[in-house]
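Asks: Read off the chains here:
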Amino acid sequence: MGRYALRRLLQMIPVFIGSTFLIFFMVYALGDPVAALFGDKAPDPATAARIRKDLFLDEPLWRQYAHYMGQIFGGHFGTAFNGQPVTELMASAFPITLRLTLVAVAFEMALGITLGVLSGLRRGRGLDTSVLLLTLVVVSVPTFVSGTVLQYLFGVSWGLARPSVSPGAPLNELLLPGVVLGLVSLAYTTRLTRTSIVENARADYVRTAVAKGLPRRRIVTRHLLRNSLIPVVTFIGTDIGALMGGAIVTERIFNIHGVGYQLYQGILRQNSPTVVGFVTILVIVFLLANLLVDLLYAVLDPRIRYA
Amino acid sequence: MRRVAPYALRTRASLGAPRPVHALRARRSLRAVVLIATAATTAPTMTACGAGGGGTDAGVVRSSWGDPPNPLEPANTNDVQGGKVLDMIFRGLKRYDPRTGEAKNALAERIESSDQRNYTITLKKGWRFANGEKVTAASFVNAWNYGAQIDHKQRNAYFFEYIEGYDKVHPASGGAPTAKTLSGLRVSNDRTFTVRLTQKFSTWPKTLGYNAYVPLPRAFFEDHAAWLRKPIGNGPYQVRSYAKGSVMKLRAWGGYPGPDKARNKGVDLRVYTDSNTAYTDLQAGNLDLVDDVPAQQLKFVRSDLGNRYINQPAGIIQTLTFPMYDRTWSGPAKAKVRRGISMAINREQITERIFQGTRTPATDWTSPVLRHQGGYRPGLCGEACRYDPVRARKLIKAGGGLPGGRMTITYNADTGSHKDWVDAVCNSVNTVLRNDRACVGKPVGTFADYRNKMAGKKMTGPFRAGWQMDYPLIQNFLQPLYYTGASSNDGHFSDTGFDRLVNQANAASADGRAIAGFRDAEKVLAEQMPAIPLWYQNGSAGYSQRLSEVALNQFSVPVYSQIRVG
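These protein sequence lines are chains A and B, in that order. Mapping of the first sequence onto numbering that gives the first Met the number 0: residues 0 to 306, in sequence order. Mapping of the second sequence onto numbering that gives the first Met the number 0: residues 0 to 565, in sequence order.
Some hints could be false.
Calculated pairs, DMTMM-like style, for lysine to aspartate or glutamate (alpha carbon to alpha carbon, straight line, at most 25 Å) [unchecked claim]:
1) LYS40/A / GLU132/B
2) LYS456/B / GLU87/A
3) LYS418/B / GLU221/B
To spell it out: a stretch of chain A is covered by chain B in this simulated footprint if at least three of its residues, at any positions, have a beta carbon under 8 Å from a beta carbon of chain B; those stretches are [unchecked claim]:
4) 32-42
5) 46-60
6) 77-84
7) 122-128
8) 143-154
9) 162-169
10) 236-244
Incomplete in silico selection of chain B near chain A, CB under 10 Å [claimed, not checked]:
11) ASN75
12) LEU227
13) ASP291
14) THR414
15) LYS418
16) ASN451
17) ASP498
18) ARG499
Derived by calculation from the structure, the hints in this document are not laboratory data. For each residue, glycine too, the CB sits at the ideal point set by N, CA and C.
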């Protein structure tokens, strides 16, 4: 197990270097960002040249990248155009988005697995059909629609929640955005759990458990559910990475100053240190989440072992 | 279906140790899930309690804000969002009257000159920074020297270009400066300093209301990083806390000596990424003031807010500028084509349908905020800015038609939804020319790229240009944009007659004469049409019932100090 994890961790190094280079290259390809710093006015050539020099923008791409990587290994992620170090932006943005993601994942796990189990156990009945219909509706509504609609209903019409999240982003204010963020994944979790439950409900070991006379509750939670969770856990694991990076729309709607906001701002201002820095961390999160999922398999199904 | 032999269970059990541990872990995590789920279901009631209060401080205005793209220093701030803050925490030599736009003395007691080139500036007594330090002549001179120095990379450095010695501290090459300070600035005593300009510039004192010219306390130079974290100024407000990228809390400064003391207890500026969210927050009572009503809401804003919606002219004009460096667009014959295109644009219809009346058709190259006294002359453009399909068609034909029979309008696609109006303008031109493909929009991905294309003289047809004034002076609408080699002359228009008239106007001793001179120069634009005036942009704002006496100044920034709460 330890060796397996180590091997996986080592594999991350080339992925890390490759992805940072790709992102660096793509932001670079957008063009020279300095001109946009001067608003609608023509930049003063002397000042612009000075800024370019300071940001290494007058160097060829490979040297810019080498310089950037050198900085990263020294712990400096560069600065945003407003003079803030990117590490400072990360320190403020990642905890917020992490909280938002946790709310979303908790929501989709709790509700998704419950609905999935219920509809899986009552296959073909009324409940199953209505859950199916519901998930179809949820999947087909894009986040910016569900987000703005729920924001308006809860925030303005009913006054139950704040339409926007305050700068500190406390957990209770993140509930509505978290639900919006988790909605689409919720539908997937439900469907996955249902299929898996239906499949395993006819497995021999379940029949054995029933024959042993175990109480139904215990059969479902200990035997059936645990074995059915593998595909769901895989999905949720990859989803954590996706949710953290893909919360741009939700964060914009609810004015949450998390990763999505910083990425959006960075892309708009073509600030490569911000974009590359954030995406790099996201890549690491994604890789770690995947590793964690693979290790979790062994927990859920002891037949799987890692040498 | 997974095939598992029943005895697998038994063999695993015999393996011993790992199993119970795993089982325990799984159970624990399940329990955690249930716990979170119950928390999630009970929590909406918690938010309900928090919604009403929302952390409101009595007497404090909660206003929407955008994250300033540059560090918040006076000579480094060139955007409206940063300008908002500077306007609250700083006062300079002059201040533009928020209602009339007139440049009135603020810290200056008098600014004198006998030759429109050498100025002597005397300060009023009794002004201090919020940290207790006295505002002296040195506070100004040091601040200006700092702003002009190329090593400090201040975005507004060029505002000091008229002061003698600028070329030494800010070499055009971008190389190392040969002097540390501007030779044209001299401190005479605590309250007096002199300025020597490189040329005659009669309206120069009136430009001193711009943010780049404010004084700076010693703290700015001594501990720059700390100052940036929490700026200190001499205005009616002081910064209480600043969380970059999310919120700035400003509170009224009791010791403010000026006449325009804050009438509220403070202002909280909250950063919004999306103006729609800010508007929703305003509707929900979570925010008091939005100064950018999103385009999607313009249709409903009257019914939502009634008379708590402001829509008034701002010092912004939008034009279609021609690349005068391109042979196919320059030359006397093409002036007819340029005028013809201008006459082919149905400004009334576009401002009404697309902008819902938040723009006004332009009939000169300035802005209504200058008022008649300041040189604004509606109709100066004459018939060239009036929609006249028949004459437009004739003029374009007489000028040899569009170059190659086609034209494109270049715009940046990333901000400001320019596509809508560019398509409408092209539609208007196409209808007039009875050719569906005569004019098409040409989007450029990012604003930076768009600017680079301009700087590299790579425009092949008319392009969008917006100009937000720095100070409410007619000079600011003409000289930086159309004078030969001027900083924002993106079309590279050059006309000796125009340049001569501008020089004369700058040398004029009396105000009225200078303005008349600039207006004469403007008439050259009407003939040559190097840029088609499209429309004057309005500033818009909406506010909650808590507020009264909300107004925007000429820069479409709310005049925070005069807002009353409750």
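Asks: With reference to the structure, classify each hint as holding or not holding.
Replies: Here's how the hints hold up against the structure:
Of the pairs offered as hints, the one joining LYS40/A and GLU132/B is violated, with about 35 Å between alpha carbons and a cut-off of 25 Å exceeded. Annotation: proposed proximity of LYS456/B to GLU87/A is violated, straight-line Cα distance about 39 Å (limit 25 Å). Simply put, LYS418/B and GLU221/B have alpha-carbon atoms about 47 Å apart, too far for the 25 Å limit, and the pair is violated. Taking a C-beta to C-beta cut-off of 8 Å, the region 32-42 of chain A contributes 11 residues in contact with chain B, enough for the three needed, and the coverage statement holds.
Coverage of the region 46-60 of chain A by chain B holds. Counting CB-CB distances below 8 Å, 7 residues qualify, and the rule asks for three or more. Against chain B, the region 77-84 of chain A contributes 4 residues with a C-beta closer than 8 Å to a partner C-beta. That satisfies the three-residue criterion, and the hint holds. Under the rule that three or more residues need a Cβ within less than 8 Å of chain B, the assignment of the region 122-128 of chain A is violated, with 0 such residues. As drawn, the region 143-154 of chain A meets chain B at 4 residues by the rule of a beta-carbon pair under 8 Å; at three or more, the given contact holds.
Beta-carbon proximity to chain B at under 8 Å applies to 4 residues in the region 162-169 of chain A; the threshold of 3 is reached and the given coverage holds. Coverage of the region 236-244 of chain A by chain B is violated. Counting CB-CB distances below 8 Å, 0 residues qualify, and the rule asks for three or more. With a least beta-carbon distance of about 9 Å to chain A, the hint placing ASN75/B at the interface is held under the 10 Å criterion. Look at LEU227/B: its Cβ gets to within about 7 Å of chain A, closer than 10 Å, so that hint holds up.
Below 10 Å, beta-carbon pairs count as interface contacts, and ASP291/B has none with chain A, the closest being about 14 Å; its hint is therefore violated. Annotation: interface hint on THR414/B holds; nearest CB of chain A at approximately 8 Å, less than 10 Å. Among the interface hints, the one on LYS418/B is violated; its C-beta lies about 17 Å from the nearest C-beta in chain A, farther than the 10 Å criterion. Interface restraint check: ASN451/B against chain A, minimum CB-CB distance 5 Å, threshold 10 Å, status holds.
A hinted interface residue such as ASP498/B counts as satisfied when its beta carbon comes closer than 10 Å to some beta carbon of chain A; here the least separation is about 18 Å, so the hint is violated. A distance limit of 10 Å between C-beta atoms decides the matter here; for ARG499/B the minimum to chain A is near 23 Å, and the interface restraint is violated.
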